[in-house]
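*Asks:* Residues per chain, in single letters:
There are 2 protein chains.
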Amino acid sequence: MNFNEFKNKLIEIRRLQSAVALLNWDQQVYMPPEGVGERSRTIAALAGLIHQKFISKELESDLLILRKRQSRLTTKRKAVVREVWRDFSREKKLPQKFVEELARAASSGYSIWKEARKKSDFNLFVPQLKKIVNLKRKEAEYVGYKNSPYDALIDVYEPGVVSEEISAIFFELKSFLIPFIKKIKNSSVKIDPNCIMGNFDTKKQIDVFKSIIKKIGFDFEKGRLDETTHPFCTNFHPCDVRITTRFSKNDVMYCFSSVIHEMGHALYEQGILPENFGTPLGESVSLGIHESQSRLWEKIVGQSKHFWVYFYPLLKKNFQDPFVNVSLEEFYRIINLVKPSLIRTESDEVTYNLHIILRFEIEKELIEGSIDVADLPEIWNQKIEEYLGLKVKKDALGVLQDVHWSGGDFGYFPTYTLGNLYAAQFYAAAKNDIPGLEKKVSLGQFSPLLGWLRSKIHMHGKFYTAGDLVRNITGENLSTKYFVDYLAKKYKDIYKLKI
Amino acid sequence: MNFNEFKNKLIEIRRLQSAVALLNWDQQVYMPPEGVGERSRTIAALAGLIHQKFISKELESDLLILRKRQSRLTTKRKAVVREVWRDFSREKKLPQKFVEELARAASSGYSIWKEARKKSDFNLFVPQLKKIVNLKRKEAEYVGYKNSPYDALIDVYEPGVVSEEISAIFFELKSFLIPFIKKIKNSSVKIDPNCIMGNFDTKKQIDVFKSIIKKIGFDFEKGRLDETTHPFCTNFHPCDVRITTRFSKNDVMYCFSSVIHEMGHALYEQGILPENFGTPLGESVSLGIHESQSRLWEKIVGQSKHFWVYFYPLLKKNFQDPFVNVSLEEFYRIINLVKPSLIRTESDEVTYNLHIILRFEIEKELIEGSIDVADLPEIWNQKIEEYLGLKVKKDALGVLQDVHWSGGDFGYFPTYTLGNLYAAQFYAAAKNDIPGLEKKVSLGQFSPLLGWLRSKIHMHGKFYTAGDLVRNITGENLSTKYFVDYLAKKYKDIYKLKI
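If you're matching them up, the sequences are chains B and Z in order.
The first sequence begins at 44 in my numbering and counts up by one.
The second sequence begins at 44 in my numbering and counts up by one.
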């Protein structure tokens with residue numbers, strides 16, 4: 044067995060995964076309604092095959108041989124073996140029966156959650172959520188951990204990061220955010236988002252936003268943009284990366300923010316080197332790093348003034364009413380309106396992170412067993428009041444709003460805020476490395492920033508861990524400093540705060 | 044091993060085939076251009092897996108056990124075993140190396156043919172076509188046959204039908220068609236297709252034609268209609284059957300004829316019983332029977348006067364110019380214009396069959412070795428002149444026009460004309476069984492005919508062979524009589540012929 048034979052086996056598995064990704068994409072974008080039953084069975088059949096191939100004796104023996112030979116491998120190949128072994132040994136530790144039980148629990152969890160949310164009745168969800176939490180705790184036991192069982196779950200999404208680290212970072216961030224949001228609330232600056240509402244043709248919206256992301260660097264020869272209820276990004280290969288969006292007739296920014304967010308994810312995937320396809324070097328580092336790419340483009344760039352210096356004329360030209368009557372200054376303030384919301388997905392970039400911190404704190408204790416599922420609404424509502432000054436009147440607008448837990452996705456939430464922190468820290472480094480970066484953006488020159496992200500992040504795949512990547516690029520560990528500075532500077536100006 | 048375990052293995056294979064079908068559909072409908080290289084590798088990987096699973100020792104042992112137990116199986120299960128065994132034993136006879144060689148030859152055959160057609164130079168194609176013909180003759184030797192090696196190739200598309208039968212039928216048909224077409228040519232009736240040309244919005248075209256096929260019975264909850272260069276029908280399950288079409292700005296019937304043709308195929312697939320999915324009882328009988336469904340709807344129904352008695356007002360309403368100035372009578376004559384063409388795919392329902400007969404005659408001799416690849420243009424051009432009175436001036440408009448041979452599809456062509464013959468014979472039986480069928484169609488009542496096709500043909504899958512099916516439904520063997528009668532009656536009227 045030589046390394047290329049091993050690599051070819053990985054590529055074959057990846058191709059099956061791409062087929063699954065297409066089946067999923069199609070299901071959400073074009074599949075006729077009655078196709079759903081058979082589609083999920085087709086996906087399950089392929090997923091079973093992929094699992095079999097991945098934990099096969101053959102791949103195990105290859106891995107054992109390669110691990111013995113490690114000292115003779117190039118650093119890149121070493122990284123491949125390291126990462127495949129990581130996934131392989133995790134999957135090996137989970138008994139087939141357990142995996143199936145969890146899949147079933149997640150699947151009914153989803154339907155029960157949907158029903159409970161519809162009726163806004165958390166009690167309907169309690170027994171199933173208990174079951175899922177117990178299974179996830181069991182998973183942590185199978186996998187093993189050092190300090191907290193929650194760490195074993197985070198590890199899937201953010202490899203190598205543990206809850207202790209996140210706790211410290213989130214505590215710092217929370218200490219900044221809560222008083223900061225109060226200051227914004229008390230600011231004399233009042234922003235009225237209604238002046239950018241209108242009646243926007245959806246076909247025109249998509250044409251305009253397509254032209255924007257094409258200008259930034261999304262390659263439509265290697266990708267598509269379609270419509271779905273829940274926007275997402277998927278990829279089958281660096282040469283076929285697809286994003287989706289949704290529309291509001293009245294609010295052009297509703298569509299734009301998801302287009303540019305998903306574009307951020309897509310630029311990462313289009314920046315993966317094709318020769319690494321199928322290996323960990325052809326995969327993103329972590330969910331947090333992935334999210335850093337979407338948030339960097341969506342928030343730090345896409346809601347900056349210099350970005351709209353370049354693109355606002357295009358918006359005005361295509362949607363005269365209302366934009367001819369709104370100055371760039373006003374527009375900039377409106378798209379950066381800070382307003383605490385009960386709903387995470389409708390939140391601005393400042394308050395959003397308190398939603399994440401709240402979920403992280405609850406998840407951690409749930410998995411560690413120090414709080415009980417039945418007490419969730421009370422805990423949730425208390426925290427929402429403490430962090431955002433809002434009262435939750437319905438569970439549908441509180442603890443029942445997100446799908447994640449119903450599918451057993453514990454450890455996923457923190458990656459959203461980690462993404463914001465990575466993004467700010469990376470962006471600060473980019474500003475250092477690229478003289479006049481923001482001036483360039485205001486002139487419609489995006490390739491310096493995209494090129495920087497490509498060479499620093501995208502092209503390496505999983506060669507570096509998230510921690511190493513951050514240290515390589517920024518010279519220090521992940522910190523809240525850059526994100527806090529970014530928010531403070533930006534919103535001090537918008538809300539005329541005294542800090 | 045019980046029968047259901049065996050069935051589940053077939054279903055698992057079918058699910059992988061559905062994934063391949065989606066990969067193909069997507070490639071032709073939505074895939075970004077640069078996705079093509081990886082897409083073909085993904086399809087190849089899955090095709091390899093499917094082949095492995097199908098000719099596995101496991102499936103072989105199941106089949107051997109079930110064949111021993113045959114006398115104790117229900118007739119339906121017997122048919123399943125019979126048909127799976129048919130395919131299995133054929134695939135088993137072909138060495139893996141040969142299959143790969145053929146796939147490679149077909150793949151380069153396609154590119155070379157495309158280039159040759161572009162340059163209209165048959166000589167460029169000769170060496171590769173020779174290679175492909177030799178491989179197909181080798182395939183026939185591997186598979187085995189009784190009289191002609193060509194029979195072993197036809198068998199893939201039209202199981203159980205041999206070239207001797209087809210020769211006899213086609214000879215009869217040709218003897219009718221050649222003088223019939225001359226009579227039409229000499230008719231005093233002249234038809235000008237230009238009066239139905241116009242400038243038609245493609246979005247409106249698709250909306251109108253969608254509403255027509257929905258009315259006929261295409262279920263959009265279980266299917267879709269999209270746009271491609273080459274229209275086709277594909278299915279992943281009876282609940283997800285997709286068709287495609289193409290547009291001409293000037294000619295609304297260009298789009299309509301492919302929509303209703305593909306709808307005919309799709310109604311067959313939507314009429315398959317879901318409980319038979321994955322087994323031969325969930326598959327169409329043959330390409331000829333499949334084509335009978337598309338041609339029955341496209342030509343016999345969709346180009347009949349009673350059909351347009353119902354739908355012409357809709358056309359007039361949506362495309363006033365030019366249709367308000369064209370009477371139903373005139374429209375009916377125009378859409379049934381008979382005009383010999385060098386190009387098969389642009390031919391009317393009368394002359395079309397001579398294109399097929401010509402190809403059949405050539406294929407047969409090629410595979411039997413009685414003519415040589417290098418002589419094809421000469422033979423082709425002679426026959427075209429003899430059958431249609433036309434002169435071929437460029438190979439691109441002659442022997443190079445069709446893709447089939449470049450991919451090794453010998454034995455496919457005759458199924459097109461068999462389809463026309465089946466269609467006419469079935470339709471005659473339907474008229475007998477359903478009193479006032481054509482009156483019903485003129486009132487927009489399509490369910491009697493569709494229900495008849497469902498219960499007589501669609502729901503049985505491969506339970507009957509094509510021959511048995513025809514005898515069951517019509518009480519006799521396939522014959523040219525019904526098709527000849529249909530043409531004679533229809534065109535005698537349109538062209539005021541004396542017969």
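Keep in mind that a hint or two might mislead.
Copies of one chain are not kept apart here, so a pair can be met inside one copy or by any two copies together.
Lysine to any residue pairs mimicking SDA-like chemistry, simulated, CA-CA at most 20 Å apart [unchecked claim]:
(1) LYS292 with THR517
(2) LYS135 with GLY479
(3) LYS162 with ARG112
(4) LYS135 with VAL435
(5) LYS52 with ILE93
(6) LYS52 with GLU81
(7) LYS111 with VAL369
(8) LYS136 with THR517
(9) LYS474 with ASP198
(10) LYS157 with PRO76
(11) LYS434 with TYR395
(12) LYS253 with PRO76
(13) LYS96 with ILE86
(14) LYS482 with ARG112
(15) LYS253 with PRO75
(16) LYS140 with ASP511
(17) LYS359 with ALA417
(18) LYS246 with ASP269
It should be emphasised that the hints constitute simulated quantities derived from the structure, not laboratory data.
*Asks:* If a hint holds in the structure, say so; if it does not, say that too.
*Replies:* Evaluation of the provided hints:
Taking the shortest alpha-carbon separations for LYS292 and THR517, neither the intra-copy value of 42 Å nor the inter-copy value of 57 Å comes in at or below 20 Å. Taking the closest pair of Cα atoms, LYS135 and GLY479 never come within 20 Å of each other, the shortest separation being 50 Å inside a single copy and 67 Å across copies. When the C-alpha separation of LYS162 and ARG112 is checked against a cutoff of 20 Å, the pair qualifies neither within a copy, at 58 Å, nor between copies, at 55 Å. Within a single copy, LYS135 and VAL435 get their C-alpha atoms no closer than 42 Å, and across copies no closer than 66 Å, so neither meets the 20 Å cut-off.
For the homomeric pair LYS52 and ILE93, the shortest alpha-carbon distances inside one copy (11 Å) and between copies (16 Å) are both at most 20 Å. Proximity of LYS52 to GLU81 under the C-alpha cut-off of 20 Å is restricted to the inter-copy arrangement: shortest distance 16 Å between copies versus 28 Å within a copy. Proximity of LYS111 to VAL369 under the C-alpha cut-off of 20 Å is found in neither arrangement, the shortest distances being 66 Å within a copy and 82 Å between copies. Taking the shortest alpha-carbon separations for LYS136 and THR517, neither the intra-copy value of 36 Å nor the inter-copy value of 62 Å comes in at or below 20 Å.
Proximity of LYS474 and ASP198 under a CA criterion of 20 Å is satisfied in neither setting, with 31 Å inside one chain copy and 68 Å between copies. Within a single copy, LYS157 and PRO76 get their C-alpha atoms as close as 18 Å, which meets the 20 Å cut-off; across copies the closest is 38 Å, which misses it. For a Cα distance limit of 20 Å, the shortest separation of LYS434 from TYR395 inside one copy, 16 Å, qualifies, whereas the shortest one across copies, 74 Å, does not. Within a single copy, LYS253 and PRO76 get their C-alpha atoms only as close as 28 Å, which misses the 20 Å cut-off; across copies the closest is 17 Å, which meets it.
With identical chains, the CA atoms of LYS96 and ILE86 are at most 20 Å apart both within one copy (15 Å) and between copies (17 Å). Within a single copy, LYS482 and ARG112 get their C-alpha atoms no closer than 50 Å, and across copies no closer than 80 Å, so neither meets the 20 Å cut-off. Only between protomers do LYS253 and PRO75 lie at most 20 Å apart by alpha-carbon distance; the minimum there is 14 Å, versus 26 Å within a single protomer. Taking the closest pair of Cα atoms, LYS140 and ASP511 never come within 20 Å of each other, the shortest separation being 36 Å inside a single copy and 48 Å across copies.
For a Cα distance limit of 20 Å, the shortest separation of LYS359 from ALA417 qualifies neither inside one copy, at 51 Å, nor across copies, at 65 Å. In this assembly of identical chains, the alpha carbons of LYS246 and ASP269 lie at most 20 Å apart whether taken from the same copy (11 Å) or from different copies (18 Å).
Comparing the model with each numbered hint stated earlier shows that hints 1, 2, 3, 4, 7, 8, 9, 14, 16, 17 do not hold.
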